[in-house]
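Colleague: What follows is the residue order along each chain.
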Amino acid sequence: MSAADLSLLRRPNDRLRRRRVVNRGMELLAWLAAALAVFFLGIVVWSVARKGASQLSLDLFTKSQPIGQFGTGSEKLGLANAFIGTLVIVGIATAIALPFGILIAIYVNEFAGKRIKNVVSLTLDVLAGVPAIVIGFFVYVLIVVGHGQSGYAAGFALSVLMLPLVSRSTIEVLALVPDSLREAALGVGAPRWRTTLGIVLPQTIGGVLTGATLAVARIAGETAPVLLVCSLVGQGNNWNPAQPLMTVPLAIFELSDQADAPEQALAWAGALVLILFILCTSLLARWLATRSRRKIAQADR
Amino acid sequence: MPRNGKLARISLVVAAAAAVAAVAVVTAGAASARSTAGTINGAGSTFVAPLVNKWMGPVQSNLGIQLNYSAVGSTAGVQDISTKQSDFGASDAPLSQFPQFQCPCVQIPWALAATAVVYNLGGSLQHLNLTGPVLAQIYLGKITKWNAGAIKKLNKGRALPDEKITVVHRLDGSGTTYNFTDYLSHVSHAWSSGPGTGTSVTWPVGLSGNHSSGVSALVHSNPGAIGYVDVDYAIVNHLQIMKMKNKSGHYVLPRAAGIKAAAQLDTHPAKDGSLSIVNPPASKKYRNAYPICTYTYVDVQKSSGAATGDLKKLIGWAITKGQSFGPPIVFEPLPKAVVTFDKKQLKKIHS
Amino acid sequence: MTSLDVSTDAARRPFSGRRVRLGDLLLQGAAAIAALGALVLVILIVWKVIQGARLSLSTFGLGFLTHVVWDPVHFKFGAASFLYGTAITSVGALILATPIAIGAALFLSELAPAGIRGPVTALVETLAAIPSVVIGLWGILVLAPFLRDHVDPALHSTLGFIPLFGPATYGSNVFTAIVVLTIMILPIIASISRELFLAVPTELKEGALGLGMTRWEMIRGVVFPYTRGGVAAAMILGLGRAIGEAIAVSMVIGGALGISINIFQPGQTLAGQIAGQFTSSTSALFTASLLYLALILLVFSIVVNLVAQFIVRRSARHVGSAR
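Residue numbers (my numbering), protein chains in the order written: chain A, 146 to 446; chain B, 1324 to 1674; chain C, 5 to 327.
The set of hints was computed from the structure by calculation and includes no laboratory data.
Glycine residues also receive a C-beta, built at the ideal position from the N, C-alpha and C atoms.
Honestly, I wouldn't trust all of these hints.
Quick look at which bits of chain B chain C covers, simulated, 3 or more residues with Cβ under 8 Å [claimed, not checked]:
hint, segment
1, 1393-1400
2, 1434-1448
3, 1489-1498
4, 1510-1522
Taking lysine to aspartate or glutamate pairs in the EDC-like style, the calculated list, with each CA pair at most 20 Å apart, reads [what the hints assert, rightly or not]:
hint, chain 1, residue 1, chain 2, residue 2
5, B, K1487, C, E221
6, C, K209, C, E221
7, C, K209, A, D159
So here's chain A without its partners, still in its complex pose (with noise of 0.2 Å):
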């Protein structure tokens, strides 16, 4: 026994209570660190939904408000145009980086030797951490310049941004699937397209779609690529890619510095939707996973 143990025996009240109380108080920190964090959620969840639910009607979807279009008592004061815009680049996003990224992961998890899996997935972490603004920047350079600003760019621009999220998860849930799997398959002489395609990556399912629906809330709420390559909005066009295209961000950016109250209150409404939007994918991705790991504890069975 060391001499701190003989200590601890010598006189137990007053350092064991010593040590209690600061236990007790670092209990308390972690307790009130908790509920900070709990509390910044609230504040900003309780002030979007205070301000914002004023502005939820069926007008917030119908109606459009141009971008910065100067007009107090303006007959038009929706996000529509927002909506459908946000709903068209995110689906061009998704079906670019939906299947690039499934090949990418099958790439690595079928296919690649040691090496060439940890220079990919070096690849995709560094693909990760490029910051969105920078992404933006890339894609006005790459595509911007030259033939103006497009739905197409943007959509292109939110893609990159998806990839690496979707590769990463997709990556994860194939390994799960046990090697059991390809191999009885190969035993009854399937090929390996077919294992892959038909067999490994039909278990994967609910993993794929959860990574995906994630990496969708995710870039829905993004505004530094969408600023840089496809903000300047008219109003005529909602839907057509080849131009530029409004998106619910990017208008509650523009919005967010108008002085008068009818427009700051649209942008909380479109905060609203937006927060909403991303809470409900969440939750579906939430539920998805949880399907899928119920289904690939059955078949491990």
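The hints should help you fit chains B and C onto chain A, whose structure is shown.
Modeller: Quick look at chains B and C alone, frame taken from chain A:
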């Protein structure tokens, strides 16, 4: 694995449907031209946005043209028209300010208004007096409090608070900034040799807002703030407006009379269409002139393709009948000589 | 988190020597092209940004990093003001967010009663999902006035002897940006730390408790050393997030040039300047200078990422050897 298969099949169906929808959107989009007949898309200055907004209804009913306008700032507007992303660009700064954008464009001054100096102090301190040099000192950060000697001297008898001046300016490329800094360069040697004139300058002090609306919002929400916006923004947002001293020694508000007087300074645009009416000299003619007035321009590509006919109709209407919509929002009708020049400029546009 | 814990090596799988089928070739080819595409994409991003910045690189060289100037009229640009702004806001946010995040993570992994654990974890992760523009909106319309009227003056009057807490007049300032960034990186650090704390082997924890340590002593003596690398990596990832944040910061930081130690003064970060001035470019040099800023950001984020990876790998090695 029947349940797996079901989910997989559903996903495939959804994906297929989405793909079909995407193809439909793309083909439909590719089929439609940039501006369908009868639609004109413009972008640019927030300064002129209130007037353009007023034009939309009459243009639709009188000319059958649907006018779309995005108030994204003068620089963005010029950028847009140079890359043919829009049918016209609107800018308060002349094209010579944008050497980067090689725009084979015709520049037409199509509206005339003023930049108001706005501020936020208690209710009784409406219409304070200010001179150009003092304003420059404030924006240079040399005068930092509202009750500084220089300001008190101009406003004898008014109770100026012991409050810090929060300077507000614009971050984005703005024709209003150009007009404002042009004026400051005229009245202050320290300013012209320092930050200088431009749509985007280096500001020694203060906060930045985006667009005139952002500046209005910042001035509105920060007691003791001072900023510059198009005069109509100031009125609509109930901001306090400064009386600026002109060279003739009078303190003038940015109202119709003040703008009209200032416009006399230059009624013959330069060859490229630009005009400068900032800081008129001391003389009886300019006794009531407001010193920070500016023309604002519409820039159109010399060869404007399919939109040429509608553009000419639109601008022709704007510089004549459209001017009558100006006075209620403090835009002054164009002088006759300018209208004549504009009509000649219009002839330079062809398809 | 970052490293892929793939258990089996795909190349070891028994496929060699088989007859090559067209389908196999097509799939492997397509997948390989996709993987190569990702690599090409990263290289393309770096190359395009460098290319875009070339004019500014050649005009200003490395001096760009030390000049406090952004004068479009006289064609003089420099990043020093924004480098300082990025540094002080990110580091400030990290300092504020880390204790709260670790505290929350400890709570969720060690202290929370079973019923609260799930919901609160979900809530903290939802905080991460809130888009930056929404936090920026809340920041400029709710937080900034509140801080300007109640918090900043109080901090100045009590701590004003420290130059950091100078006179406070603006609502949009560096401090507001720090608070906004703290809220944004808090959930990242918290959720990663929480998973790390949960992964500490129970035997180690119970052994410590069995020796008579209080819970806090166990955490300090077992959990923290065990997860040190991972938590450091989480902090660095949070830092990287803060450095790259453009939108929320640009909405609340006031957009001012200059280096000031007073956090109640407005400022500007690299990302915020790009977002705010992007549409204002009036010259090729202006655009190239903005791209130079983007290049600095890109380099920062890659370095941060690699450092985090390195730390994770090193700590994994240590943990492996400890067993």
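Colleague: So, for every hint listed, does it hold in this structure?
Modeller: We went through each hint and held it up to the structure:
1. 1393-1400: Holds: 4 residues of the segment 1393-1400 of chain B have a Cβ under 8 Å from chain C.
2. 1434-1448: As far as the segment 1434-1448 of chain B goes, the hint is violated, because 0 residues have Cβ atoms under 8 Å from chain C.
3. 1489-1498: holds (count 5)
4. 1510-1522: holds (count 5)
5. K1487/B / E221/C: The hint is violated at about 51 Å.
6. K209/C / E221/C: holds (10 Å)
7. K209/C / D159/A: Violated. K209/C to D159/A sits at ~25 Å, over the 20 Å cutoff.
Consistency note: the structure conflicts with the earlier hints numbered 2, 5, 7.
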